[in-house]
Structures are given as structure tokens and as C-alpha cells.
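Put together the whole structure using the sequences plus the hints.
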Amino acid sequence: MGIIDEVRATAGPIVSLGGGFMLDGATTERGGAFGLDFGEYYALGRGGVLGDVDASVVADAFVVFAPEVVAMMWNAARLLREPDAAAQSYSQACQDWGRVHFAHAENLDEISSALGKIVNAAATTDAPLFSGWRTMPLPSDAPALVAQQLHVLRELRGGLHGVALKAAGLTPLEAVMVHSPAMAPMFGWADGDIATPATKAAHAKAEQITDELVAPAYEVLDEAERARLVVLLNDLVAATT
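Numbered by this note's numbering, the letters in the sequence shown go through residues 56 to 296 in order.
Calculated from the structure, these hints are not laboratory results.
All the given hints hold, so there is nothing to weed out.
Each pair of labels, with its calculated beta carbon distance range:
1) T226 / V108: 19 to 27 Å
2) I59 / P240: 31 to 39 Å
3) D60 / V112: 31 to 39 Å
Backbone N, C-alpha and C define an ideal beta-carbon position, used for all residues, glycine too.
Take a look at the structure:
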């Protein structure tokens, strides 16, 4: 298995586990206690690491969301809370999710060591959410730490995937209609064309480019460490409660 294969094999676990807390009921409850509804908390919590910026900056970073929907959520939330406070709260939601769902997982210290090396080795160009999340304080307990590291690496892949979509000639809406058409309304798109062979091929190309862009960060691990990480992350998916 080459490094591109290893990047691809870890992408699924990173995306699913790194974003697991976002749709969790406990996160929604935390957001409500923070004074924000689900969309507001998502926008200001996830995007708060970018600072007190214009909504257009956040929309660019969120990649597949309709810009006007991001603006609505961000601007409404920004009237109620500060971005940095929201990001801190959102990171705590991520950590608490890990404490619950990784409580009985094995090899968390080994996973954290490998993920931490990748996070530190990655370049930050074209992945602003990754850059911001990488600077957030880290917890000391392994379940929470692994959850946050997975989220940080999810933002790395997400940011670089935005670059890859442009390189492949796909619009955000076209990408959504290929990958997850049922979720188009959640991303703020009212309508979209059914995926075609051409857009499916372009999306496959974008995934390939994404893997290639992420791969340099994985070079900090040797071949055995990368192969081991593939196993560990897939085991973690299976063990997640």
C-alpha cells in the first residue's frame, strides 16, 4: 500500500469521526445553552477560529455551503456571541464527544501520537479552518485529544478538497449533487442538477487530487506507522459507541 492509498484509507474514519460531534444531540444542547440554535452554533463554533471576519470569508472556508446560508447563520450568531468564545465552546463539544464515544477504545495514545505528527507536519496553505483549529488548546485526556485531532485533520482534508474541486472544474453544488444529493438542502441549495457521468468523473478526480494534496503531511510517518494508522483508525470506527 502506497502513501496515497494510506491517505485514502484513513480519509473515511477521519471525516466520519472528526465530524461526529457536530450532529450529536449533546452538541446541540451545548449550543442552546450558549445561546445559539443549531445552525448558528455550527457556523460560529466551527468558523470562529477564523476570527471576527466577514461572512464571505467563512463561506469560502465552508466550501460546499451556499454562501447566503452561511451569511445568514454567521451574521445571526455574530449578533449574539463572539467568534472566539464560540470556537472554544465548540472545541469543548468535540472533546466531550470523544470522552463519551471513545471511552472504551484501545490504543488511543498511539493514535494520538500519529495524528499529532500529521497535524504538526501539514502545511496550512489553502486550508484556513485547519490553520485555525490547529492553534486551539488541546485537552490532556486521550479520548478528548483524539477527537479534537481527528476534527483538525478533517478540516485539513476539507480545505484541500475545496482546492481540488476547483482544479477539477466542479462547483460546490455540483460536488454536493455527486457526493450527497440528499444533503443539498442542508447545505443551503434549493435545487441542483442530477449528477452526470462527467460530474461524477470530475468528482473522482477531485478526490484523487485531495489525496495527493494531503499526502505530504503523512510523510512524517514511516511506511509501517502509516500502515498501522490505517488499522488503528478503522478499529476505532468499529469501537466507537
